[in-house]
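Residue numbers (the working numbering), protein chains in the order written: chain A, 1 to 306; chain B, 1 to 306; chain C, 1 to 306; chain D, 1 to 306.
Read the hints as simulated data drawn from the structure, not as lab findings. Using N, Cα and C, we set each Cβ at its ideal position, and we do this for glycine too. Wrong hints could be hidden among the right ones.
What the hints assert, rightly or not - Coverage of chain C stretches by chain D, computed from C-beta distances (three or more under 8 angstroms per stretch; other residues unrestricted):
1. 100–114
2. 201–215
3. 225–233
Said to hold, decoys possible - Below, computed lysine-lysine pairings styled on BS3-like, alpha-carbon distance capped at 27 angstroms:
4. B:K117 <-> C:K14
5. B:K14 <-> C:K117
6. D:K117 <-> A:K14
7. A:K117 <-> D:K14
So you can see what is in the structure, the chains are spelled out below.
Protein chains: 4
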Amino acid sequence: MIAHLGPVELLTPKPEASLAFFHDVLGMEIESQAGQSAFLRGWGDYQRYSLILTEAPAPGLAWMGLRAWDQESLERHALAIPGGRWEDGMYRFADPDGHEFRLYHETERYVAPEHLKPSWRNQPQRYTGRGACVKRLDHVNLLACDVRACREFACDVLGYRHYEGIVLDDGRETGAWLSLTTAAHELIYVHDAREAGGRLHHLAFWVDTREECLRAADLFVDAGVPIEAAPSKHGVAQGFFLYGFEPGGNRIEVTTGGYMVYDPEQQPVIWSEAERARGQFWGVRTVPSFHYYGTPPTPEDAELAP
Amino acid sequence: MIAHLGPVELLTPKPEASLAFFHDVLGMEIESQAGQSAFLRGWGDYQRYSLILTEAPAPGLAWMGLRAWDQESLERHALAIPGGRWEDGMYRFADPDGHEFRLYHETERYVAPEHLKPSWRNQPQRYTGRGACVKRLDHVNLLACDVRACREFACDVLGYRHYEGIVLDDGRETGAWLSLTTAAHELIYVHDAREAGGRLHHLAFWVDTREECLRAADLFVDAGVPIEAAPSKHGVAQGFFLYGFEPGGNRIEVTTGGYMVYDPEQQPVIWSEAERARGQFWGVRTVPSFHYYGTPPTPEDAELAP
Amino acid sequence: MIAHLGPVELLTPKPEASLAFFHDVLGMEIESQAGQSAFLRGWGDYQRYSLILTEAPAPGLAWMGLRAWDQESLERHALAIPGGRWEDGMYRFADPDGHEFRLYHETERYVAPEHLKPSWRNQPQRYTGRGACVKRLDHVNLLACDVRACREFACDVLGYRHYEGIVLDDGRETGAWLSLTTAAHELIYVHDAREAGGRLHHLAFWVDTREECLRAADLFVDAGVPIEAAPSKHGVAQGFFLYGFEPGGNRIEVTTGGYMVYDPEQQPVIWSEAERARGQFWGVRTVPSFHYYGTPPTPEDAELAP
Amino acid sequence: MIAHLGPVELLTPKPEASLAFFHDVLGMEIESQAGQSAFLRGWGDYQRYSLILTEAPAPGLAWMGLRAWDQESLERHALAIPGGRWEDGMYRFADPDGHEFRLYHETERYVAPEHLKPSWRNQPQRYTGRGACVKRLDHVNLLACDVRACREFACDVLGYRHYEGIVLDDGRETGAWLSLTTAAHELIYVHDAREAGGRLHHLAFWVDTREECLRAADLFVDAGVPIEAAPSKHGVAQGFFLYGFEPGGNRIEVTTGGYMVYDPEQQPVIWSEAERARGQFWGVRTVPSFHYYGTPPTPEDAELAP
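Using the sequences plus the hints, can you model the full thing?
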C-alpha cells in the first residue's frame, strides 16, 4: 500500500533562475542546499522537502518518490516489482515508459526553524504568503509512449485507482488519471506525441483556492513567467489550473479544486475523442504546445519552447 | 451632468427563452410585464428595473437610458444635443453611429414586495441567490463604425471621461472605454467590423466577486448557455469577464473587478496594435466572433452566431 | 474497511419548513419522498441520496450510514461489533454514546433525470446553483458523554484515524476529529455538556469554496435562517465554516477547506485548554450555544434554542 | 470639488516595527524615506505615496490630505473654509473635532523604477504579491466628539455625500458614512466614547477580493499581528473587513466589497439603536475595544490596547 507521491527531483539547465522562480514566484522555502541541488518545500508539506531542484544539462524529471504506508508494504511492493534495485533504503524501479520511481517508507518530518514556526500547531510551517505560496506538491503528469501499459502498471503493481481516462476512436488510450486516495488525481499519464520516453508533462503544486490560482497568474504576468494556459477549469477531473514554464523549461501547474471519489467501486469515466473536442470545462481550447511539449524537449519541441 | 446609464431596452426574437435566461440563469427578477415587454432588475438595482426585454424580429439594443443628475442638468444637456426630441419627459437622441439614447431625470425607486424584502435596509432587495444572481446592470458596449466620433460625442456632449482606448498603427481608433464615475468603464465603443451602424456588442451585468463569474460559467455550462469566452481577466480596463449568448442572440457579459480612477487628470491609456496582440491580461486569445459578431447580426455574422 | 459516511437520517418536528430549508436554502434536490420522509441529495453525491429527512416529535439524528468498502469488509466488521443486528442488508449497531450506525455495502448510484443531467459526465448531476447549492454531505459531529470511549470505538472497531483532539487540563478528552481518508475530519465527537446521550451536534455539507460559505451566509440572512456562527476558520482542523439552524432545530454547517493528511503515521494534534482559549483560527470567540446546544435539545437547551 | 482622500500621515512610537508591518505584512512599497518619515504606497496608488509613516511619541493621525479636482476648486474651497492657512501650496484646516486636513491639487504621479515596472501599462506598479499586498489607501475613519458637526462640515463645506448613519434613540448621531464618489464610504466619523478630540479610529487599505482579506488574516496570525476583528461583513455599508493593530498601536483595516451609489438623490440610510443591536451583517458582535479604542489612546484605553 502506497501512501503518497513525492518528493520529486526536477532537473534544470538554469539552476539560479529556476531556484528564484520556485522561491520568489511559487513561494516555496529553500529547506537546504547541497552540491548541485536545492531542497524545497511548500508551507503545507509535512516532509522536509517535496522538490529537489538539481542542475543538469537538460530539464526533466530525474525521479519521483513514492512513500509506502509502512515498512512491510515497502518490502512487499519491492518483491512484486521486478528489475528494480535497493539503494539508501529506497527501492528504485522504472515504469514501462522509463520514468524512475523510488519507493521508500522512512522519512524525515519537517521541524520549522524559529522564523517559520506557525502560530497553529496543525500546520507544519508558517504561512508566509510570499509569491503564489503553494501549499504542497499535488500531482505529477508524465508523458508516456504507451499510456495503457503505464496505467496498468500503476494500477496493478502500485495500487493506483483509475478515475478518468481518454480513449480515442481508434482504441488508443491517450490519458489516464490515477490516484491513491479520494483525490481525483495524483498521477497522470498522457500520450507523448513525440514518443520520446521518460518525459515529464508537468509538476503541479496545490493552493487552497481558485482565487490563489488567479492571483498566481497576476504574479506570473508581472514576474515575466511565460503563461501557457491562463486559469480555467479542466473538463477531465475538473481541476482548476494555471500553467506556466519555469526558467529551466519545465511546465509547472498551480492547481486546486476537483472532486473527491468516495465510491469504492467507482468506474473510470472514459472520454471519447468527440467529447474531448469540447475543450476544457468552460470551452477553452487547449493550446497546441500542451499536446506536444515535454521535458526534456525534443528537437521538434524547440519551436514550442517558452 | 449625467449620473449613470440604464435602463436599457433589449430586443429578442425569442422572448420566452430570453426571459427564462434572464430570470433563471442570470437570476434577475421580473419586476413587471406589459405588452411585448418584461421589466427586469438585478437585486442591487435601485430603480424599478434596469432591463426591458422586448419581443422583436431581430436582436439588438432598442435604446439606452441615461439618468441626468437633476432636472436642470437634463434640460441643459437637451439644449446642447441637436436633433433630439422630447417624449414622456425623456430627451431622445442618437450618437453618431445611430444608437438611441434617452436622457431623463425623474425615476421610480424600487420598493420590494414582501417576499423580496431584504433583511438589511441598505440594499433594495433580498439576495435570492438564484442563478448567477447578477447585482445590477454595469455597462454597455456598443459597436460603432467611427469610434472616434462616438467617443468625442460621449466625452464632449455627454460628459464621459476617457480612461482607455485602442489606436491602430494606421491611426484608426478602434476602442474607447468611457465612464461617468471612478469606475473604469460604463460605456464602451469598439469598432464595428461589419460597419453596419447602431449595433450592440454586449450588455454587462455586475457580480461582486470573481468567484461568482466562475460560478456563472458552471451555470452556463449546465444550463446549455453558449459560452463565447470563459472567465478570464481583460487587459484593457482589467475587468474580469464571462461572455455568453442569451437565446435571442445578444451577447451578455457577467463582470466584476477592474480598478477605480481617482486622478481627476487621468490621461487615457492608449493601446497599440502590438500591445493588443498580447491577448488578454493572462494571455488568453480573443475568439474571432468577439471581433465581428454584434446584434442585430449581419448576414456575414451568420456563421459566427451562437 | 469502511469507505465513507452517509446517508444520515435527520429528524424534524417541522417537516415542511425543514424540507423548504434543505431544498430552497441549502439547494439540495428532493430525490424522492415516501411516508414521513424525504430523500435529499447534494449535486455531487454519487448515491441516490445522502440525507433522509423524517418527521418526528423532536429533532436529532436517527442514524448514520457507513458504507463498507466491499461485502467482505461489511461482514468482517459486523462480526467484530457485538450487540448489533442485521436488517435489510445493513448491520445496525450503536457507539458507546448510543448513536445508531448502519453499516452496509450495496447501494444505488444516482441516475439523473433529464432535467438534472449534467453537461459533463464526471459529475452525477447538473449544478443548479439554487441556494447554497451544497455539493455533498461532508461530516457528522456527534455529542458524546464519553468522548474517549467513542473515539476508541471509532478507531479500534471502525478503522477511523485520529487526526486532532482536545484534552483538558484535568485529563478529560472533550473532542476528537476522525477520518477514514486523507480529509481532516469526517466524524467528530465533542463532549455533551448536558450528558444526555445519543445527541447530534451538527451535520456539515460541503461546498467547494470559501466564497460559497460567505454567499450562503448572505442567503441565510435574507431567508431568515438563524446564524449561530458567521463564516470564519476553525483552529482545530482549519475548516472554514458557517453554522445555522434548520427550522426543526438541528444545527447545520456549510463547510469547505481544511487540509489533507498524507502522512500514514500522522500523530494526532492534541490541543490543551490554554490553546483552545485562543478562540478560532483568527481569534473569533465561540458563542456559548455552540458548547451546549444539541439535538434533541434538553430542557436546559431551551434558552439557547434558535 | 474634491477628488479624493490621501495621502495621510500616520504617527507611530515604534517606527521600525511599524515600517516592517506596512512593508512586510501589508505589502506596501517604501517609495522613499526622509528624516523621521517613510513614504509608502499600495501597488495601485497613482500618486507617489498614500501613507507617510512618521516617528512620534504617540500613535495617531497627523493629517489627512484631500486632493482638489483642480486649482480653481482648491482656491474656492480655501476661501469657504475659515481659519485655515496656506503652506507649500496646501490649504491646512481642521474639522470641528480638530483633525487636520490638507487640501491640495498639484501632485506627483508615480513612475515605477525598473524592478517595479508592471507588465500592463494600466496599473502604476508591478503586483508584487508580498504580504497582504494592499492595492491602495481606501478610507479613513475618524473619532469625533460631535459626529453631527463633523458630518455637516464634511457635507456642507467639503462636498461629501452622506450615505449611511447611526442615530441613537436619544437623538445623538454616532456615526456617519461619507463619500466623494459612488463608493459607499471614503470618510467615516464615529463617536469618540472618550470625547478626546482629534483621534483616529482606523485607516483602511483596499484589496480587490474577499479572499485577499481572508488571506491577510492568515498572514496576520502567522506574523503575530493582533487581530481585533476577524474577517466578516459590515452591516453598515456592507464592506468586508479585517481589523488589526500595527505595532505603533494604530488600528488598520484591510477592506473590500460594499456597494456603489448611483442614485444622485440617494437618501442616507439611518440606523437605529435597535437595528445596530443586530451586530454585523452576519450577526457577528463587535468587540468592546472597537467602540472605545482610538489613537492616540487615552489612559482608559490602556486596558484595551493591543
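How the hints compare with the structure:
Counting residues of the segment 100–114 of chain C whose C-beta lies closer than 8 angstroms to any C-beta of chain D gives 0; at least three are required, and the coverage claim is violated. Counting residues of the segment 201–215 of chain C whose C-beta lies closer than 8 angstroms to any C-beta of chain D gives 3; at least three are required, and the coverage claim holds. Remark: the segment 225–233 of chain C is confirmed as covered by chain D, as 5 of its residues place a Cβ nearer than 8 angstroms to a Cβ of that chain, reaching the required three. Between K117 of chain B and K14 of chain C, the direct Cα distance comes to roughly 24 angstroms. Compliance with the 27 angstroms bound is thereby established for this hinted pair.
Between K14 of chain B and K117 of chain C the alpha-carbon distance is near 24 angstroms, which keeps this suggested pair within the 27 angstroms criterion. Of the pairs offered as hints, the one joining K117 of chain D and K14 of chain A holds, with about 24 angstroms between alpha carbons and a cut-off of 27 angstroms not exceeded. Pair hint K117 of chain A plus K14 of chain D holds up; C-alpha atoms about 24 angstroms apart against a cutoff of 27 angstroms.
Consistency with the previously given hints fails for number 1 only.
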